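Chain order of the listed sequences is A and B.
Per numbering that gives the first Met the number 0: the first sequence = residues 0 to 151.
Per numbering that gives the first Met the number 0: the second sequence = residues 0 to 147.
Each hint should be verified, as a subset may be incorrect.
Label pairs and their calculated CB-CB ranges [unchecked claim]: (1) A:Phe36 <-> B:Leu29: 44 to 54 angstroms; (2) A:Phe36 <-> B:Glu134: 51 to 61 angstroms; (3) B:Leu144 <-> A:Ile100: 54 to 64 angstroms; (4) B:Pro110 <-> A:Pro89: 34 to 44 angstroms.
Example chain A residues on the side facing chain B (calculated, C-beta under 10 angstroms, incomplete) [said to hold, decoys possible]: (5) Arg79; (6) Glu90; (7) Val111; (8) Ile117; (9) Leu137.
Which stretches of chain B does chain A cover? Using the computed rule of at least three CB atoms under 8 angstroms from a CB of chain A, they are [unchecked claim]: (10) 80-89; (11) 110-124; (12) 134-145.
Think of the hints as simulated: they come from the structure by calculation, not from any bench.
Bear in mind the structure is a predicted one, so any value in this text is a computation, not a measurement.
Beta carbons: idealized from backbone N, C-alpha and C, even for Gly.
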Amino acid sequence: MTQQLYTRPRRARKKQASPFLKPLTTHKGQWWRNQYFFAAGWGLAIFSLFFDASSHLQATAADTKDSCQHIVQSSSVLSRAQLAQILTVPERSSQQSVKDIVAEPYCQLPNVELRDGITAEREAYPLAFSPNTWLVMLYEGDEYAGFAFSFQ
Amino acid sequence: MKHTLCKYLSLMLGLSLFGCSRATPVPRTLNMHQNWPISIGTEIAGYAVSSGLGDISLDLSGDTIHMPFDGTVEPTATSCVIVSSADVPAYLFRLCGLSQPKFGALYQHQPIGRAQHLVFAMLRREPNGTWAIVEPSPTFIEQLLTQS
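All chains should be built: construct the whole structure from the sequences, respecting the hints.
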């Protein structure tokens, strides 16, 4: 399409059997008006757009389901009411105050040691009304430390 | 001919500007739990403070820092980066001293950038929404520095 846009006015004026690309000698001393130059420019622009796009398509958080270490209750989902209730539990509450709202998570993620000497346990719940969104809860010992939403 | 030339040149310029504008995301500001007066970025005698109380400095001699989890890298106003992950609630990781860090969503083990001296702080969310500097485990720091 770009080629057409460039060659059409020229063809109309001169009515010549125009080659696909004009040779480098068409405009002496005006190399920047040469069509090879433009073709190369467009090629470079398109190439760089792909390159740019690929860097933005890199990562959108891998599946939380895939990072599960073991499934606790495969039918476990969070209803809107349960989610609203869980979010009212303040950080540093006991793990039990979360478990009182929903007894079992869908799965446990592998434990991690973030703070020195303290093991963090993570549990994940899919939302009943948005199955691609997961609520991840982090506990340290008996203490509830915080939550995050993982979108897939 | 000249008009079409100008049109295409401006289109190309527009595209390249659009590409560049996305490369500089908005800096993230955090409310810190500990409000020490000499924090990163503070100027003393014309020199900027590059690490504060609670930061851990590592001499990396230009080595690469990797993502500890799948997550997001955001800039701060004091030319550090904040690494966050939906897989690790309640924690943020602040890294300073990186040259040309990558911003946006990255996978675990992907390189974030290189540093001569990495200044690292682990931040834990307090119930009031502020972020407290806590002591990181050596195994976690190892995850930042090794590829697996």
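Here is what the structure says about each hint:
At about 49 angstroms, the beta-carbon gap between A:Phe36 and B:Leu29 stays in the expected band of 44 to 54 angstroms. For the pair A:Phe36 and B:Glu134, the supplied restraint of 51 to 61 angstroms holds, since their beta-carbon distance comes to about 59 angstroms. Under the hint 54 to 64 angstroms, the C-beta atoms of B:Leu144 and A:Ile100, about 39 angstroms apart, miss the expected range. Checked against the hint of 34 to 44 angstroms, the pair B:Pro110 and A:Pro89 passes, with Cβ atoms roughly 37 angstroms apart.
For A:Arg79, the suggested interface contact is broken, since its CB lies about 20 angstroms from the closest CB of chain B, more than 10 angstroms. Residue-level restraint check for A:Glu90 holds (minimum Cβ-Cβ distance to chain B is 4 angstroms; threshold 10 angstroms). Using the Cβ-Cβ criterion of 10 angstroms, the hint placing A:Val111 at the interface with chain B is satisfied: the shortest such distance is roughly 7 angstroms. Satisfaction of the interface hint for A:Ile117 is found here, the shortest Cβ-Cβ separation to chain B being roughly 8 angstroms, below the 10 angstroms cut-off.
The restraint placing A:Leu137 at the interface with chain B holds, with a minimum CB-CB distance near 4 angstroms, inside the 10 angstroms limit. Requiring three or more residues with a Cβ within less than 8 angstroms of a Cβ of chain A, the coverage given for the segment 80-89 of chain B holds, as 6 such residues are present. Only when three residues or more bring their CB closer than 8 angstroms to a CB of chain A does the claim for the segment 110-124 of chain B stand; here the count is 3, and the claim holds. Residue count for the segment 134-145 of chain B with a Cβ under 8 angstroms from a Cβ of chain A: 6. That meets the three needed, and the coverage hint holds.
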